[in-house]
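Number of protein chains: 2
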Amino acid sequence: MTKPADKPANKPGYRPLESLPTTTDLADFKVGVDTVIFSVDTEQNRLLVLLVMRHEKPYSGYWSLPGTLVRVGESLEAAADRALTEKIRVNNLYLEQLFTFGGPDRDPREAEDAYNIRYLSVSYFALVRYEDTALIADGVRGIAWYPLSQVPKLAFDHNQILTYGCKRLRSKLEYSPVAFDVLPETFTLSDVYQLYATVLGEDFSDYSNFRTRLLKLGILEDTKVKTSRGAGRPASLYRFDAEAFQPLKDKPMVFL
Amino acid sequence: MTKPADKPANKPGYRPLESLPTTTDLADFKVGVDTVIFSVDTEQNRLLVLLVMRHEKPYSGYWSLPGTLVRVGESLEAAADRALTEKIRVNNLYLEQLFTFGGPDRDPREAEDAYNIRYLSVSYFALVRYEDTALIADGVRGIAWYPLSQVPKLAFDHNQILTYGCKRLRSKLEYSPVAFDVLPETFTLSDVYQLYATVLGEDFSDYSNFRTRLLKLGILEDTKVKTSRGAGRPASLYRFDAEAFQPLKDKPMVFL
Chain B
1 MTKPADKPAN KPGYRPLESL PTTTDLADFK VGVDTVIFSV DTEQNRLLVL
51 LVMRHEKPYS GYWSLPGTLV RVGESLEAAA DRALTEKIRV NNLYLEQLFT
101 FGGPDRDPRE AEDAYNIRYL SVSYFALVRY EDTALIADGV RGIAWYPLSQ
151 VPKLAFDHNQ ILTYGCKRLR SKLEYSPVAF DVLPETFTLS DVYQLYATVL
201 GEDFSDYSNF RTRLLKLGIL EDTKVKTSRG AGRPASLYRF DAEAFQPLKD
251 KPMVFL
Chain L
1 MTKPADKPAN KPGYRPLESL PTTTDLADFK VGVDTVIFSV DTEQNRLLVL
51 LVMRHEKPYS GYWSLPGTLV RVGESLEAAA DRALTEKIRV NNLYLEQLFT
101 FGGPDRDPRE AEDAYNIRYL SVSYFALVRY EDTALIADGV RGIAWYPLSQ
151 VPKLAFDHNQ ILTYGCKRLR SKLEYSPVAF DVLPETFTLS DVYQLYATVL
201 GEDFSDYSNF RTRLLKLGIL EDTKVKTSRG AGRPASLYRF DAEAFQPLKD
251 KPMVFL
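Heads up: the protein sequence lines correspond to chains B and L, in order.
Its first residue numbered 1, the first sequence is counted upward by one per residue in UniProt numbering.
Its first residue numbered 1, the second sequence is counted upward by one per residue in UniProt numbering.
Fair warning: there could be bad hints in the mix.
Below 25 angstroms or equal to it, Euclidean Cα-Cα: the simulated DSS-like pairs (lysine-lysine) are [to be verified]:
| id | chain 1 | residue 1 | chain 2 | residue 2 |
| --- | --- | --- | --- | --- |
| 1 | B | K251 | L | K224 |
| 2 | L | K87 | B | K167 |
| 3 | B | K249 | L | K216 |
| 4 | B | K172 | L | K249 |
| 5 | B | K251 | L | K251 |
| 6 | B | K251 | L | K216 |
Simulated coverage check for chain B against chain L, where a stretch passes if three residues somewhere in it have a Cβ under 8 angstroms from a Cβ of chain L [stated by the list, open to error]:
| id | segment |
| --- | --- |
| 7 | 24–31 |
| 8 | 94–100 |
Calculated directly from the structure, the hints in this document are not laboratory data.
Yeah, the Cβ is synthetic: ideal placement off N, Cα and C, and Gly gets one too.
Let's have the full structure, built from the sequences with the hints guiding it.
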């Protein structure tokens, strides 16, 4: 299907696109949805991800991201909600689409199946407030908030999906005020710093710089209440000022 | 499948997730890829999108985003490359995944088909330098760079996919140095401003503020060459300083 030599296509430097596959038969797919649900345990400063234990083949006995296969007449979003509905109860769950993984051979069920059916996964992402969630443990199926640093080898390509989710989470923290969705209603500047450090790693910024830049954004309201924790000086409690943030909502900003 | 009343799930304020669909049969899918390829005509200050004319049902005679259906053994990315390979030649085409549209009833072929097959679309996005592209016009199939302001009603839900692509393009311009991928190697500050204004709209910033902020980023190198255009004073030519940008690459930044 290459074009003849007199076409501008042959100008040097043009990138040769991938060659055509040898069959023109269309692939048949089942479509799965997988969810990457993060939370931050602000008391222990741990980033957590929701995992469920698989009890059927393939990967029976492995931990995996909560997911399901899309049913007749069902939207992707409804399937993602269904995947979570029996596992976790949560306030204000807002699932954001993350990435679609659809390469051949990503699911061992493809090989077992003589009909060449492929499994595509549309992944979704959310960050939820730890205190606002309740796992639905029925004693049979395993479900857990796993500290990110202790996540084992997961079923399918779920470690890869999780890595992608982590990248998106860091980016959300840098470019959106999502941190204030998961902090308590009032918090100290040190609480905010600790949340960022938990997600981005301790060396993302020093506290003094972070504090200065954060206050300069003008989106935090000083409640005039002070809190004492441990031996340090009492620290001011702030709250996210949604009204002050309103005019900035559509402006590109950096939140650290 | 609602949990009994003694579970924490019933704490007031918990969001009721969507109810289960009435069938548990899995949906069968064909998977399409659609590409949103943007370019900027810097001479006429127009934002362009690549469209192709459809010559088969459904939507025969409508313009659409270049796309195709995924074949047996083919990755999503290879299918997206294939959709473009006979239509456009381009330097350094880097396709980025945009969004997956998979709701029921998004494709009229679903209704015609007794087997209940659904069509899911994984969309991809790229911004290419206008001068580095060549459309492959074979006189039969229609292919065109359409000014965004003149895009007609497209086939399927492609107007919706395009809207999503525009949103991503604006965000890329705000949060990444992608503008310098499509500008000529040397450019004036006014050229950069004009490119941003073409994509973001004239009122995104005033020129003087934009110029100050842009220079402050420290990623532009003054070539010490001046250019004269029209009646104005000669303007300095700059080039993107990839070396100066290197240490900033992973830092969250705003580029306007």
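Hints not upheld, ascending by number: Hints 1 and 2 are the ones this structure does not satisfy, whereas the remaining hints hold.
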